[in-house]
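S.K.: Take the sequences, apply the hints, and build the full model.
First to last, the protein sequences are chains A and B.
For the first sequence, the working numbering assigns the number 7 to the initial residue and increments by one for each residue that follows.
For the second sequence, the working numbering assigns the number -6 to the initial residue and increments by one for each residue that follows.
Since the hints were derived computationally from the structure, they do not count as laboratory data.
Incorrect hints may appear among the rest.
DSS-like cross-link-like pairs, simulated, lysine-lysine; straight-line CA separation at most 30 Å [what the hints assert, rightly or not]:
1. Lys120(A) x Lys31(B)
2. Lys120(A) x Lys111(B)
3. Lys104(B) x Lys87(B)
4. Lys31(B) x Lys87(B)
5. Lys111(B) x Lys87(B)
6. Lys363(B) x Lys390(B)
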Amino acid sequence: MENLYIPATNETPEINFRFSEHQLHVSGESYPENAMAFYAPIRASLHNYLDRTQAQGAVEAHFSLRYFNSSSTKLIRSLIALMHDSAQAGKRIVTHWYHDPDDDMMSEFGNDLKDEFRMLDIRVVALETA
Amino acid sequence: MDQHLLATNDEAAPVRIIHHTEGLLLPCDSVTPASPNKDVFAIFEAQPDMIGLPVVENGQPIGLINRNIFMQSMARPFHREVYLNKSCIAFMDKQPLIVDKKTSIQDLSFKVLEGGQKAMNDGFIIADDDRYLGVGTAQDMLRAIANLQADKNRLVMESIDYASVIQQSLSRPSREAMRKTLADHFLIWEPRDIVSGDFYHFQDYEDGFLVVLFDCTGHGVPGAFMTLIMSAFLQSALNTVSHDDPSAIIGAVNRLVKTAMGNIDHQHAGSADEEEGADDGMDAAFCWVDRRNRTLTYAGAHLPLLLLGPDDQEVRIVEGDRQGVGYAATPMDQVWQNHEVALPEGTCVYFFTDGLVDQLGGAKRIAFGKRRTREIILRHRRQTMPEQRAALLAALKEYQGTEPRKDDVSAIAFRL
Chain A
7 MENLYIPATN ETPEINFRFS EHQLHVSGES YPENAMAFYA PIRASLHNYL DRTQAQGAVE
67 AHFSLRYFNS SSTKLIRSLI ALMHDSAQAG KRIVTHWYHD PDDDMMSEFG NDLKDEFRML
127 DIRVVALETA
Chain B
-6 MDQHLLATND EAAPVRIIHH TEGLLLPCDS VTPASPNKDV FAIFEAQPDM IGLPVVENGQ
54 PIGLINRNIF MQSMARPFHR EVYLNKSCIA FMDKQPLIVD KKTSIQDLSF KVLEGGQKAM
114 NDGFIIADDD RYLGVGTAQD MLRAIANLQA DKNRLVMESI DYASVIQQSL SRPSREAMRK
174 TLADHFLIWE PRDIVSGDFY HFQDYEDGFL VVLFDCTGHG VPGAFMTLIM SAFLQSALNT
234 VSHDDPSAII GAVNRLVKTA MGNIDHQHAG SADEEEGADD GMDAAFCWVD RRNRTLTYAG
294 AHLPLLLLGP DDQEVRIVEG DRQGVGYAAT PMDQVWQNHE VALPEGTCVY FFTDGLVDQL
354 GGAKRIAFGK RRTREIILRH RRQTMPEQRA ALLAALKEYQ GTEPRKDDVS AIAFRL
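M.R.: Spelled out as structure tokens, the structure:
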């Protein structure tokens, strides 16, 4: 299936889903007024991919987010939930959650995700902001 | 004509708000295809400001003669002699922009843009059902757009300003009760966009008091709508459950929101292209303080409780439960846990919405964070609550720097 690339804007993150390489990147900031409108097609596309993928190795997801508002929070969580369901069904998925070493909010959020989605391999990675 | 007069904010002179192309109409001489170029020449010479001269046949506009093109052509050797007595259509633009007088200014502006540089320079002909009326200029059109825009902004801002008056009067009883009940306290309520998605409720009872701080999804007008809805549900929940049981109150509000707003779970129905319905709710801290036995009972949705007892070395955080209130994914019978803590004399209690801890800033453009918040509280623990408020806001301002405010920022704190 076709890769999904959406460039970053001031209010929305860059989406770089290279399905052909099984590499999924979400990076930047997320505070659109209507988060559902932004994330619904992304979620549909991810859902579709996870349903069909015949990846030999692991699917790798990378989240490097600096800021997201509360409505984006729910939708980012729902992307993770899709991967969790897929992992539970036997797919190999590794999810990286990057945060600056000094960013206690992002690190806490990553660890909360780990707690909540126990069947998904979530790695919370401290990475100095470039 | 649908024009009316309005005063602008900054000057006394009324500005004419024009909604349709008709309002831009300038009466203008015209010529016919039978008119020779010498007539055109005479008109341009007599009216040095005229940019384009319309050509009208049997009452219908058929073209526009541009002054510069015409004059340049006439200046060429022998052209004057050859063309002066011939029909003016030789130098006429046969496809000028012709706009009906009823066209809205917005539609007109798109047409002018489509027309490119020509319409910007030459202007356009205004017609009434194909009958020639006159001309309009791009400059007048731009002025009309600017005035319309300013007028719309003014209406929107007046409307939001008044919404803010309503929102603030709804919270006045809470502010007054706080002042009466709490000798040393502070309140921060800083909307990002005049009205806020954050709100609070304070009520004093014989045996203690109830403090609620909540952060609805969104900010600005939609966020403020949600705060009014949540306030109403909170009032009605307080009629049915006991005021000293935060867990019961938060559960009752959840049921009321979900029932009233139809926040049923359509996200997990298995379909990826679910309808785009409203799925709104809130983060919240509900807190009951029993004065007689000096205990605090807290139930929270995301929004944590921060405590600093007189003998504590660190600010303690009691995290709320992870479920938000009222969302589609939150079960109807969700239970938020009550946490009970003792309050030795001199204990400071704080509630913050995430607008504070999530604000971006600093050299790395990362979140303000809980750690920093706790450090500031600890550093100023001996100071009065209003002084602590000033210290927190100053630290936030400095950290934020030139970064825009991302969210509403609110806090309630008190020392008992």
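S.K.: Given the proposed pairing of Lys31(B) with Lys87(B), does the C-alpha separation stay at or below 30 Å?
M.R.: It holds: about 19 Å lies between the C-alpha atoms, which stays within 30 Å.
S.K.: Mind checking the alpha carbons of Lys111(B) and Lys87(B) for me, to see if they're no more than 30 Å apart?
M.R.: With a Cα-Cα distance of about 12 Å, the restraint between Lys111(B) and Lys87(B) holds, given a limit of 30 Å.
S.K.: Does Lys104(B) pair with Lys87(B) here, judged by a C-alpha cut-off of 30 Å?
M.R.: Given pair Lys104(B), Lys87(B) holds - Cα atoms ~17 Å apart, limit 30 Å.
S.K.: Does the structure keep Lys363(B) and Lys390(B) at a Cα separation of 30 Å or less?
M.R.: At roughly 16 Å apart (the allowed maximum being 30 Å), Lys390(B) and Lys363(B) satisfy the hint.
S.K.: Measure nothing beyond the straight line between the CA atoms of Lys120(A) and Lys111(B); if it is 30 Å or shorter, mark the hint as holding.
M.R.: Between Lys120(A) and Lys111(B) the Cα gap is close to 62 Å, so the pair fails against 30 Å, i.e. violated.
S.K.: Given the proposed pairing of Lys120(A) with Lys31(B), does the C-alpha separation stay at or below 30 Å?
M.R.: Roughly 86 Å between the alpha carbons, so the hint for Lys120(A) and Lys31(B) is violated.
Hints 1, 2 from the list above are not met by this structure, while the remaining hints are.
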